[in-house]
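If you count by our numbering, then the sequence shown holds residues 1 to 199, one letter each, in order.
Just so you know, the hints here were simulated from the structure itself, not pulled from any lab data. Treat the hints with care, since some could be wrong.
What the hints assert, rightly or not - Okay, derived cross-link-like pairs now, DSSO-like style, lysine-lysine, Cα gap no bigger than 27 angstroms in a straight line: (1) K92 <-> K65; (2) K130 <-> K86; (3) K86 <-> K114; (4) K92 <-> K147.
If you're wondering where the values come from, they're calculated on a predicted model, not measured in any experiment.
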Amino acid sequence: MRVQSSKQRRTAIAVFTGGLILATGTACSMPSSTVATSAKSTGSGSTGSTGGAATAKAAAKAAAKVGDTIALSGFEGEKADVTVVKVVDRPKGADEFTAPESGKRFYAVQFRIKDTGSKAYSDSPSNGAKLVDSAGQSYEADFSDTKAGASFPSAVNIASGSSGLGFITFQVPTGAKITQIQFGLDSGMADQTGQWNVS
1 MRVQSSKQRR TAIAVFTGGL ILATGTACSM PSSTVATSAK STGSGSTGST
51 GGAATAKAAA KAAAKVGDTI ALSGFEGEKA DVTVVKVVDR PKGADEFTAP
101 ESGKRFYAVQ FRIKDTGSKA YSDSPSNGAK LVDSAGQSYE ADFSDTKAGA
151 SFPSAVNIAS GSSGLGFITF QVPTGAKITQ IQFGLDSGMA DQTGQWNVS
């Protein structure tokens, strides 16, 4: 019977573990995800001078904010221009029975989704929307209706070239400072997520 030294055993374990990690990493590699933070260019502005070109380039790199549009893609060729139209902080519930939980407030975001692809956009928009606060905490959508305006239905079917408009409501802690709004196609499972800054 051959007896291995402790150094030989450590070497053998290291080789085995390294191979296992490499094999696992190869088998479970995930597609890369991206966060789109730049607003889509509107195509307006001066292009006849160097100053105009520099301004357009700077605008293209500027972080998207409320009112801006971000072009997004889905898993199977879906494409949509998504705009955060406006934000309503602390809207009242749609009726006397609708109220946020204790220690929380409603926060409503109005989105416009324009289908720019060749197929219909069929999805549940609220599944793809999130808020992020100044501490980095994320919040998913709530299904409450508020007086901010008409909510997106639980499922939409927007034809190519057409648009849908609606609010998505969230419940966030009363003292939370919301700094970002996020949205992704395919119920938020697409590899690309749009992100807007909230001032």
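Against the structure, the hints come out as follows:
With a C-alpha separation of about 24 angstroms, the suggested pairing of K92 with K65 holds against the 27 angstroms cut-off. Using a Cα cut-off of 27 angstroms, the hinted pair K130 and K86 holds, with the two alpha carbons roughly 15 angstroms apart. The straight-line distance between the Cα atoms of K86 and K114 is roughly 16 angstroms, inside the 27 angstroms bound, and the hint therefore holds. At roughly 6 angstroms between alpha-carbon atoms, K92 and K147 fall within 27 angstroms of each other, so this suggested pair holds.
Going through the hint list in order, the structure satisfies each hint without exception.
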